[in-house]
Amino acid sequence: MHPAASVIFFTTASGAGYGLLFLLGLGGAFGLMPPDLGLGLVGQTVALGLITAGLMASTFHLGRPERAWRALSQWRSSWLSREGVAAVATYAPAGLFALGWVVFGENRGVWGVLGVLAALGAVATVVCTGMIYASLPTIRQWRHPLTVPGYLAIALYTGALWAALLTAAFGGAATLFLWLAVLAGVAAAAVKAAYWRAIDSAPAAATAETATGLGHLGRVRLLEAPSTSRNYVMREMGYRVARKHATKLRAIAGLLGVAAPLALLLVGAAVGGDGAVVPLFLAALAGSAGAVVERWLFFAEATHVVTTYYGAEAA
Amino acid sequence: MTSLPETTGATKLGLVIDLDICVGCHACAVNCKEWNAGGHSAPLTDWNAYSGTESVDGEDAGAWGVWFNRVHTYEAGEGAEGRTVHFPRSCLHCETPACVTVCPTGASYKREEDGIVLVNADLCIGCKLCSWACPYGAREYDHADGVMKKCTLCIDRIYNENLEEIDRVPVCVSTCPVGARHYGDLGDPASAVSQLVAERGGYDLMPEMGYRPTNKYLPPRPAKTACGSTGAPSRLQQLVDEAADAVPQGAPAAGTGGRFLAWVDTVLSR
Chain A
1 MHPAASVIFF TTASGAGYGL LFLLGLGGAF GLMPPDLGLG LVGQTVALGL ITAGLMASTF
61 HLGRPERAWR ALSQWRSSWL SREGVAAVAT YAPAGLFALG WVVFGENRGV WGVLGVLAAL
121 GAVATVVCTG MIYASLPTIR QWRHPLTVPG YLAIALYTGA LWAALLTAAF GGAATLFLWL
181 AVLAGVAAAA VKAAYWRAID SAPAAATAET ATGLGHLGRV RLLEAPSTSR NYVMREMGYR
241 VARKHATKLR AIAGLLGVAA PLALLLVGAA VGGDGAVVPL FLAALAGSAG AVVERWLFFA
301 EATHVVTTYY GAEAA
Chain B
1 MTSLPETTGA TKLGLVIDLD ICVGCHACAV NCKEWNAGGH SAPLTDWNAY SGTESVDGED
61 AGAWGVWFNR VHTYEAGEGA EGRTVHFPRS CLHCETPACV TVCPTGASYK REEDGIVLVN
121 ADLCIGCKLC SWACPYGARE YDHADGVMKK CTLCIDRIYN ENLEEIDRVP VCVSTCPVGA
181 RHYGDLGDPA SAVSQLVAER GGYDLMPEMG YRPTNKYLPP RPAKTACGST GAPSRLQQLV
241 DEAADAVPQG APAAGTGGRF LAWVDTVLSR
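Just so you know, the sequences run in chain order A and B. Just so you know, the working numbering puts 94 at position 94 of the first sequence, and the rest follows in order with no gaps. Just so you know, the working numbering puts 266 at position 266 of the second sequence, and the rest follows in order with no gaps.
By construction, these hints were calculated from the structure, which means they are not laboratory data. Treat the numbers as computed from the prediction; the structure is a model and nothing was measured. Backbone N, C-alpha and C define an ideal beta-carbon position, used for all residues, glycine too. Where hints are given, some of them may not hold.
Said to hold, decoys possible - Facing chain A, from chain B, some residues (calculated, C-beta under 7 Å):
| hint | residue |
| --- | --- |
| 1 | Y109 |
| 2 | P135 |
| 3 | G146 |
| 4 | V178 |
| 5 | L196 |
To be verified - Each pair of labels, with its calculated beta carbon distance range:
| hint | chain 1 | residue 1 | chain 2 | residue 2 | range |
| --- | --- | --- | --- | --- | --- |
| 6 | A | L223 | B | N160 | 34 to 40 Å |
| 7 | B | G82 | A | E66 | 50 to 56 Å |
| 8 | B | G38 | A | R221 | 34 to 40 Å |
Kindly produce the complete structure, drawing on both the sequences and the hints.
Below you can see the structure in the form of structure tokens.
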């Protein structure tokens, strides 16, 4: 599948934003983060900023971005529509929660309830994002039980990296969030490792023989393609650059996205105090970059069954 | 509304494509483009149509554009048993099409009255998710219009009372020079297309995807190699056998023709 830059940026940025919003909501409601103005202002700006930037970027993927609002209408059948509804709905409690924290200096009690609602909205939105991919029978690497856990784990992990940095800088249960980031990083790595192992060993969803229904005649191979140059279907569904380098890119995602941030988190834990801010900031940057590589691979490694009509032996 | 109709009518309009007959001339694809470039989904934009140097997405400068119907050609089987199969591919107007249910805007819909799957170009946001959901590559993105387009089963012909009744069929069907494409109601077991499917063992493409396509494909008939079965006079069988004996080995064989050919082969090989 063609990895559109706007969709990769959207899913990683808003994923981290929803991860952070989830932790801010629960952290505020349960007293793990003080109603400090700096923490509220910077934290909410980063969380809602990442979410909003991601959602804006996702509209660049559209042929008719001015009609994007129509995507809120088909939540009965479409996970993409549900994602849009969940994203918009989450703004209400998230905005009020941010208002209470920043303007009224309150993030517990009634304001805390809004924080919990914002956290639930964040989870719902990321689940919908994952389900857009997990619901497509045409792409076996996406229609997989670990697709949604992968999206959730990476959103929590990248959000926790920011939460660890923010609590180290502005106060709150800094140690707790630091170790939560470590745990979430290990969990995300475990989910992705299991996912990659599973998709590597799973059988093809279709072959040239099953797709054409000509298998009874013997092996089927494309003699002549329908068009002399690559058409839309081949460009969008037949992208294959990354598959060649999959092993290297997975190693890069692991080193950049998990190994480096975990080492930096441990440095931060060892240094402690204000000195931890620098390694924790670097950890958040590296973790986010690793998430981008992972998400790029998620698209580029996905094989669509339609490619079996265009010369792929299996998909 | 992109939820599928709760009750679908008995009528299921669709195509039956005969892989035994298709000669791979691409007339269906070309006439489809011709009709639809001025019909319901017009225009069907082409990019770089004259293969200039302008590159749309940095990939290559080849010509590409929106087509609803594409003809693939495959080789199936090996050696003497192998054969060439021309394989036209267009929207199958599935009974449970995920391209419709994934649509976030309500632009994609399946008609209750005849089962035709359409896109309302005024609602489409061009998110391309429907093309990801289609196993058959039936939906294509029009870069100029920013919306998805697909086969309409020539809805602007089949119900068009300005046309002679004989012309109220999809243009790919009326243009096919060998009669490899049939149009009709596959929901009616008594219809000509349904009977053709029953008689010839028509099949669904990728039934395991669960989309329940309406269009059916008729498999190539078993290859006929003996003289009698191809309609050639059986007295020619002797010549066939002699040629078969003579040519592969290039060595003297039983019949005179075989010996002669072998001699020619030997002389020319010097």
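Outcome of the hint check:
1. About 10 Å separates the beta-carbon of B:Y109 from the nearest beta-carbon of chain A, more than 7 Å, and the hint is not met.
2. At a threshold of 7 Å, the smallest CB-CB gap from B:P135 to chain A is about 5 Å, leaving the interface hint in force.
3. Given the 7 Å rule on beta carbons, the hint for B:G146 holds: about 3 Å separates it from the nearest Cβ of chain A.
4. This hint is violated: B:V178 has a C-beta 18 Å from the nearest C-beta of chain A, more than the 7 Å allowed.
5. The interface hint given for B:L196 is broken, as the beta carbon of that residue sits about 16 Å from the closest beta carbon of chain A, more than 7 Å.
6. Separated by about 37 Å at the C-beta atoms, A:L223 and B:N160 satisfy the suggested range of 34 to 40 Å.
7. In this structure, B:G82 and A:E66 meet the distance hint of 50 to 56 Å, their C-beta atoms being roughly 53 Å apart.
8. Take B:G38 and A:R221: their Cβ atoms lie about 37 Å apart, and the range 34 to 40 Å holds.
Checked against the numbered hints given earlier, the structure breaks hints 1, 4 and 5 and satisfies all the rest.
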